[in-house]
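Chemist: The chain contents come next:
2 protein chains.
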Amino acid sequence: MPGLSNTALPLYEKVKDFVLDNIGNGNWPQNEKLPSEHDLVSSLGVSRMTVHRALRELTDKGYLRRVQGVGTFVSPPRAQSTLIEISNIVSEIKARGSRHRAEVVILERIERPDEMLLRAFEYTEPRPVDHSLIVHCENGVPVQLEERYVNPTLVKHYLDQDFTSAATYDYLQHSTPLTEVEHLISAIPATERDAKLLHIRERDSCLVLNRKTWTGPTVATVNTFTYVGSRYALGSRYLSPAR
Amino acid sequence: MPGLSNTALPLYEKVKDFVLDNIGNGNWPQNEKLPSEHDLVSSLGVSRMTVHRALRELTDKGYLRRVQGVGTFVSPPRAQSTLIEISNIVSEIKARGSRHRAEVVILERIERPDEMLLRAFEYTEPRPVDHSLIVHCENGVPVQLEERYVNPTLVKHYLDQDFTSAATYDYLQHSTPLTEVEHLISAIPATERDAKLLHIRERDSCLVLNRKTWTGPTVATVNTFTYVGSRYALGSRYLSPAR
DNA sequence: AAGTCACGAATGTATAGACAACTATAGACA
DNA sequence: TGTCTATAGTTGTCTATACATTCGTGACTT
Numbered sequence: 001m002p003g004l005s006n007t008a009l010p011l012y013e014k015v016k017d018f019v020l021d022n023i024g025n026g027n028w029p030q031n032e033k034l035p036s037e038h039d040l041v042s043s044l045g046v047s048r049m050t051v052h053r054a055l056r057e058l059t060d061k062g063y064l065r066r067v068q069g070v071g072t073f074v075s076p077p078r079a080q081s082t083l084i085e086i087s088n089i090v091s092e093i094k095a096r097g098s099r100h101r102a103e104v105v106i107l108e109r110i111e112r113p114d115e116m117l118l119r120a121f122e123y124t125e126p127r128p129v130d131h132s133l134i135v136h137c138e139n140g141v142p143v144q145l146e147e148r149y150v151n152p153t154l155v156k157h158y159l160d161q162d163f164t165s166a167a168t169y170d171y172l173q174h175s176t177p178l179t180e181v182e183h184l185i186s187a188i189p190a191t192e193r194d195a196k197l198l199h200i201r202e203r204d205s206c207l208v209l210n211r212k213t214w215t216g217p218t219v220a221t222v223n224t225f226t227y228v229g230s231r232y233a234l235g236s237r238y239l240s241p242a243r
Numbered sequence: 001m002p003g004l005s006n007t008a009l010p011l012y013e014k015v016k017d018f019v020l021d022n023i024g025n026g027n028w029p030q031n032e033k034l035p036s037e038h039d040l041v042s043s044l045g046v047s048r049m050t051v052h053r054a055l056r057e058l059t060d061k062g063y064l065r066r067v068q069g070v071g072t073f074v075s076p077p078r079a080q081s082t083l084i085e086i087s088n089i090v091s092e093i094k095a096r097g098s099r100h101r102a103e104v105v106i107l108e109r110i111e112r113p114d115e116m117l118l119r120a121f122e123y124t125e126p127r128p129v130d131h132s133l134i135v136h137c138e139n140g141v142p143v144q145l146e147e148r149y150v151n152p153t154l155v156k157h158y159l160d161q162d163f164t165s166a167a168t169y170d171y172l173q174h175s176t177p178l179t180e181v182e183h184l185i186s187a188i189p190a191t192e193r194d195a196k197l198l199h200i201r202e203r204d205s206c207l208v209l210n211r212k213t214w215t216g217p218t219v220a221t222v223n224t225f226t227y228v229g230s231r232y233a234l235g236s237r238y239l240s241p242a243r
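If you read the sequences in order, they're chains B and Y. The numbers in UniProt numbering rise by one with no breaks, and the one at position 113 of the first sequence is 113. The numbers in UniProt numbering rise by one with no breaks, and the one at position 19 of the second sequence is 19.
Where hints are given, some of them may not hold.
One copy or two, either will do: identical chains are not told apart, so a pair holds if it fits within one copy or between any two.
[To be verified] Straight-line alpha carbon distances no greater than 27 Å define the calculated BS3-like cross-link-like pairs of lysine-lysine that follow: (1) LYS61 x LYS196; (2) LYS33 x LYS196; (3) LYS61 x LYS14; (4) LYS33 x LYS156; (5) LYS196 x LYS14; (6) LYS196 x LYS16; (7) LYS196 x LYS156; (8) LYS212 x LYS61; (9) LYS33 x LYS16; (10) LYS16 x LYS61.
None of these hints come from the bench; they were simulated from the model.
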């Protein structure tokens, strides 16, 4: 029981969150050996298969390294994220060993979306849209402004999430069966609102990632991630097989 | 028993192979509904958890799409590349039907690189570096500033290229056997020099793509592509399933 | 005709238990 | 001293089972 968050996520997601937290807060430093699966089973009160799945998925994503017969170890932080799996800034910050804080600025259901939103969702008639605006801070410094518009018929209970947990963002990405994702990356000067929220000056350069997802023919989410240009870079590293 | 390969792989890997084979040989065409987990359990003689793991991993990789309560479906092959192969602005401009013009600003061999360049190339002793600076215009309007530093021992005759032809850029990207590529995308304000060359104001937002390539252990090229933020966006589109 | 509800079917998660495979280490033996 | 071996500890795989969640359908009701 101790250590696992209280939200409605699946258990293996909570375990992943628990591990990332321990990495982030320095409890388990780089190359540290994690408690064995058996230990985690005892201390967390879940079955071994659940722990195993959590550790395997974190290994697949590069956070851990496992050696059969020996143990599980914390991997050195990756230089950057890959482009496919961007947008989970929370895991990134935690894995880097920084302190993460999410500040929820807006959390609402828009009953009557304006013209632009309707177009973005390809609605023909006015229907509600869920809306969140969150500032993500790394060690107290704002890094990313995350604005999401969500189709509530496709993503139920979106507004009820715990937006301070890393697992939430992981979960959101896999909970809806996406059929299409579009990314658009641009550089734009900060608006007055963005500048205020990110603690930068107006017109300062921001890296903006627009992400639009579909489930079948209908638009599921329309997201805008605004990074502070002077504090963040998106990276991808490609290694050919031979090395 | 029937259908699973005979090698020493784990069962769930064999199930994955089995599914991929059926997709590959056209047995299960695009958007076809797969047999249910229960059916596969019967026909393959493995437990449901094993089938489930196989299907889940194939889903994560984009080969399948699953809908709870409905079934599992074959996804169309991935239509699109990721961001790896951007940066050939010339083809892009031409494909858009616009007029392209390349303006060579600098073309030189630097015999004695400064400290920063040496670090970028991980040189331990001073060695020459080829250098080009080119402005790309779409219909007469500057869009991209392309600055390349090239290791002349790996890329021969770099300075002799025809930098106004689209094919040149295609060629440069594939002429050297790269073993590693690193992309870093950031948003930074235009410097005085960049502003002048791109016909924008100083401090205007630019999208900067840094690209560094290795051939074996040695650095081959260090490139910086600076896009005018208000005139350009990088895009990637990922298609997965039924549409 | 339209809405509601119950049910079946399919996937999602979780558990307990078993065995296999691998590694490091300590102890036995030459 | 050096080598081999047994063993404990850890991760990897697999099964059987149970319950949860979601979706579509068809029967029933209104």
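Chemist: Hints first: check each against the structure and report whether it holds.
Modeler: Going through the hints against the structure:
1. LYS61 x LYS196: Result: close neither inside a copy nor across copies, 34 Å intra and 39 Å inter.
2. LYS33 x LYS196: neither (42 Å within a copy, 50 Å between copies)
3. LYS61 x LYS14: Both: 16 Å inside a copy, 23 Å across copies.
4. LYS33 x LYS156: between (39 Å within a copy, 25 Å between copies)
5. LYS196 x LYS14: neither (33 Å within a copy, 52 Å between copies)
6. LYS196 x LYS16: neither (33 Å within a copy, 50 Å between copies)
7. LYS196 x LYS156: neither (31 Å within a copy, 51 Å between copies)
8. LYS212 x LYS61: both (23 Å within a copy, 19 Å between copies)
9. LYS33 x LYS16: within (16 Å within a copy, 31 Å between copies)
10. LYS16 x LYS61: both (11 Å within a copy, 20 Å between copies)
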